[in-house]
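*Asks:* Below are the chains, spelled out letter by letter.
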Amino acid sequence: MQTSKQAYPFRWRVMDAVENTASAVWPSRFSRGLPYLMLLPAALLVLLLVIGMIQIAESSAHRLDRSTFLPSEDYTGANYSQIFSTGLYWTVLWRSLLGSVVVTALCLVFAFPYSYLMVRTSSPLLRKFLLIALFLPFFIGQVVRAYGWLIILGNQGVANGLLGLVGIEPVRLLYNYPAVLFGLVQYMLPFAVLMLAPALAAIPEELESAANSLGASWWRTFTHIVLPLAKPGLVGAGLVVLTLSLTDFAMPAILGGGSQDFIANAIYDQFFRTSDQGMGAALTLILVGIGSLAVGLVFTLFGAGTLAMGRDRK
Amino acid sequence: MVFGNSHAVKNASFELDEGRFLTILGPSGSGKTTLLRMIAGFQRPSAGEIVINGTPVSAAPPHKRSIGMVFQKLALFPHMTAAENVAFPLKMRRFDAQTIPERVQRYLDLVQLGPYADRRIHQLSGGQQQRVAIARALVFEPDLLLLDEPLAALDRKLREEMQLEFRRIQRELGVTTINVTHDQREALVVSDEVIVMDKGEIQQMAPPSATYRNPANAFVAGFIGVTNFISGTVVSSAGSEVAFRSGGETIAGTWRAKDAVPAAGSAVTGALRAEQIRLAASEAGLGNCQTTRTGTVRDAIFEGERTVYDIALASSSTRLRVFDHDPGAHKQFAIGETVAMGWNAQDVLTYPN
Chain G
1 MQTSKQAYPF
11 RWRVMDAVEN
21 TASAVWPSRF
31 SRGLPYLMLL
41 PAALLVLLLV
51 IGMIQIAESS
61 AHRLDRSTFL
71 PSEDYTGANY
81 SQIFSTGLYW
91 TVLWRSLLGS
101 VVVTALCLVF
111 AFPYSYLMVR
121 TSSPLLRKFL
131 LIALFLPFFI
141 GQVVRAYGWL
151 IILGNQGVAN
161 GLLGLVGIEP
171 VRLLYNYPAV
181 LFGLVQYMLP
191 FAVLMLAPAL
201 AAIPEELESA
211 ANSLGASWWR
221 TFTHIVLPLA
231 KPGLVGAGLV
241 VLTLSLTDFA
251 MPAILGGGSQ
261 DFIANAIYDQ
271 FFRTSDQGMG
281 AALTLILVGI
291 GSLAVGLVFT
301 LFGAGTLAMG
311 RDRK
Chain R
1 MVFGNSHAVK
11 NASFELDEGR
21 FLTILGPSGS
31 GKTTLLRMIA
41 GFQRPSAGEI
51 VINGTPVSAA
61 PPHKRSIGMV
71 FQKLALFPHM
81 TAAENVAFPL
91 KMRRFDAQTI
101 PERVQRYLDL
111 VQLGPYADRR
121 IHQLSGGQQQ
131 RVAIARALVF
141 EPDLLLLDEP
151 LAALDRKLRE
161 EMQLEFRRIQ
171 RELGVTTINV
181 THDQREALVV
191 SDEVIVMDKG
201 EIQQMAPPSA
211 TYRNPANAFV
221 AGFIGVTNFI
231 SGTVVSSAGS
241 EVAFRSGGET
251 IAGTWRAKDA
261 VPAAGSAVTG
271 ALRAEQIRLA
281 ASEAGLGNCQ
291 TTRTGTVRDA
301 IFEGERTVYD
311 IALASSSTRL
321 RVFDHDPGAH
331 KQFAIGETVA
341 MGWNAQDVLT
351 YPN
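Chains G and R, in that order, give the protein sequences. For the first sequence, position 266 (counting from the first letter as 1) is numbered 266 according to my numbering, and the numbering increases by one without interruption. For the second sequence, position 67 (counting from the first letter as 1) is numbered 67 according to my numbering, and the numbering increases by one without interruption.
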């Protein structure tokens, strides 16, 4: 008699083996402790982070003695008062904050139609193409991509070459604020699409048909139905892009060429160029503070969006 | 409507008078939903024209048509309250803002949801959500109401309640309605007219009783009601009376198809409804029947108000389904028992095979 192989699939055998091993290693009478055991690695990571933050807070309270190159013994707020009294730091803070807000807004605007098309298209080929186009940039690191833009946007680059064809003198496309923002948008877009697509997929297509038959043109269907229902996705995507670009290092460093530093670049300079650990630590804490404030502001204004994976999310 | 090489709907021509309730009935894949979506404007017919109130609408997008639609999954807007859902079409169709609240309340009252106006959709029960969907589709007083199997997901009791509710509201407002369903009972209960569809074509359009009593062909006879099919070849015919041989016996039937009565030797199918067969312990108990047969009970299914018997004819291999109503009033037959069956030739609806 021929028996069906499907009746006891191979993956069940694999799972059986895993379960047997697990019960040998961790007998079932300990099973009440298992959930806590599984939480342990995450708890350890958070603990390390907290310890690190405390250490940074501690060192930010010591002023570097320029003559001995040792941090001062006593606690002082001198690092902070110097940061807030230096115009350059204000510029850097403002540049980072404004930049990340602009990048977030642009990313959401660009990611929306992309995600929508990817989720709604009836062509599997187009969906596959959009997915591949989305994941391809992840295989190329941020630094490599930034160097790629140097080649394309440089004075002798492809972009200026094309401009030259229509008789326009080479334009300085690099080492300015727009170049940094351009690089950041290009880098963040896939993150925004990834966060937005599931939220859009969760909106039943029938709702749009219904709105349509009830008298709404596509634009009013979009503003009255799709946009409000996409809010959790927009909040989730916005938070990810906002925090990632606020703390970005490579794009300002490479495409800004040192003239367009963000906070992360200033921190790097303090730690590794001037070796002023206290100053770097103070800047780090300020960055963490600004980031937390921004996230908190979004949470209170719009809710936690897709990031709140609660049981009773309505 | 053509999908690739296959027609989802073809030659689907029909007319419906104002104020009538039409149900399009058919199995899944029969093209009934495609037909409805074309009327609503979500799909363009590849040929032909749709005319509403004398105006051709085939080229108009859905939002330019005056059609209210209740969707299969209702498609209520989850970020709005019941009242906001009902107000939505009025806002989209630019009704005077002053009149909107009063009209929304009137339609919520019509579907008996007045006190629930400010509830969110997820705070309402399945039946209440149905009512919101109906109010939303009707509030702008469309020329035509379309129902795309909105009752399919409900449990039987609620479904039957909502069928009567649809009927009541439709009569009260007099709105022309087209309902799509695969539920034959619903089609008979709610409609003024029934269209039976199969393989993208209209098989019959008639009032419910005519659809049931005079099915146009064997498909319609089989799709509505529980029907026994006996196929055979014609032996003789006189007028509409047809005698055909099936499995070694001759059965008398009545020709019901539009085409002429076929010559001897043609293949035909007789359709005999389960409730048209009388059942008794012996032939004497049957009363007046033109045709009588004996058979053995193979299965007896008690369904409460009736018992369904599966009976094998003694003279051939044919199996018949027989309804025995009010089984409490008389003796029930056991599996293996021999019983007598009787029916009349006019109930054997005979069609070309």
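Keep in mind that the hints are not guaranteed to be accurate.
What the hints assert, rightly or not - Here are the simulated DSBU-like cross-link-like pairs (lysine-lysine), alpha carbons at most 35 angstroms apart as the crow flies: (1) R/K331 - R/K157; (2) G/K128 - R/K73; (3) R/K199 - R/K157; (4) R/K73 - R/K199; (5) G/K231 - R/K91; (6) R/K258 - R/K157; (7) R/K73 - R/K91; (8) G/K231 - R/K258; (9) G/K128 - R/K199; (10) R/K10 - R/K331; (11) G/K231 - R/K73; (12) R/K331 - R/K199; (13) R/K199 - R/K258; (14) R/K64 - R/K331; (15) G/K231 - G/K128.
These aren't lab readings, by the way, just hints derived from the structure by calculation.
*Asks:* If a hint holds in the structure, say so; if it doesn't, say that too.
*Replies:* Consistency of the hints with the structure:
Restraint check for R/K331 and R/K157: the C-alpha separation of about 30 angstroms stays at or below 35 angstroms, so the hint holds. Pair hint G/K128 plus R/K73 holds up; C-alpha atoms about 28 angstroms apart against a cutoff of 35 angstroms. Annotation: proposed proximity of R/K199 to R/K157 holds, straight-line Cα distance about 31 angstroms (limit 35 angstroms). Between R/K73 and R/K199 the CA atoms are separated by roughly 24 angstroms; this keeps the pair inside 35 angstroms, and the hint holds.
A hinted pair counts as satisfied when its Cα atoms are at most 35 angstroms apart, and G/K231 with R/K91 qualifies at roughly 22 angstroms. Under the criterion of a C-alpha separation no larger than 35 angstroms, the hint pairing R/K258 with R/K157 is inconsistent with the structure, at around 39 angstroms. Distance restraint check for R/K73 and R/K91: the Cα-Cα separation of roughly 23 angstroms lies within the 35 angstroms cut-off, and the hinted pair is therefore satisfied. With a CA separation close to 60 angstroms, the supplied pair G/K231 and R/K258 exceeds the 35 angstroms bound.
Between G/K128 and R/K199 the alpha-carbon distance is near 33 angstroms, which keeps this suggested pair within the 35 angstroms criterion. A threshold of 35 angstroms between alpha carbons decides the hint, and for R/K10 with R/K331 the separation of about 51 angstroms lies outside it, so the pair is violated. Distance hint between G/K231 and R/K73 is fulfilled; the C-alpha atoms sit about 22 angstroms from each other, no more than 35 angstroms. Pair hint R/K331 plus R/K199 does not hold up; C-alpha atoms about 43 angstroms apart against a cutoff of 35 angstroms.
Only pairs whose Cα atoms come within 35 angstroms are accepted, and R/K199 paired with R/K258 is accepted, the gap being roughly 20 angstroms. As the CA atoms of R/K64 and R/K331 are separated by approximately 63 angstroms, the hinted pair breaks the 35 angstroms bound. Restraint check for G/K231 and G/K128: the C-alpha separation of about 25 angstroms stays at or below 35 angstroms, so the hint holds.
In terms of the numbered hints stated before, the structure departs from hints 6, 8, 10, 12, 14, listed from lowest to highest.
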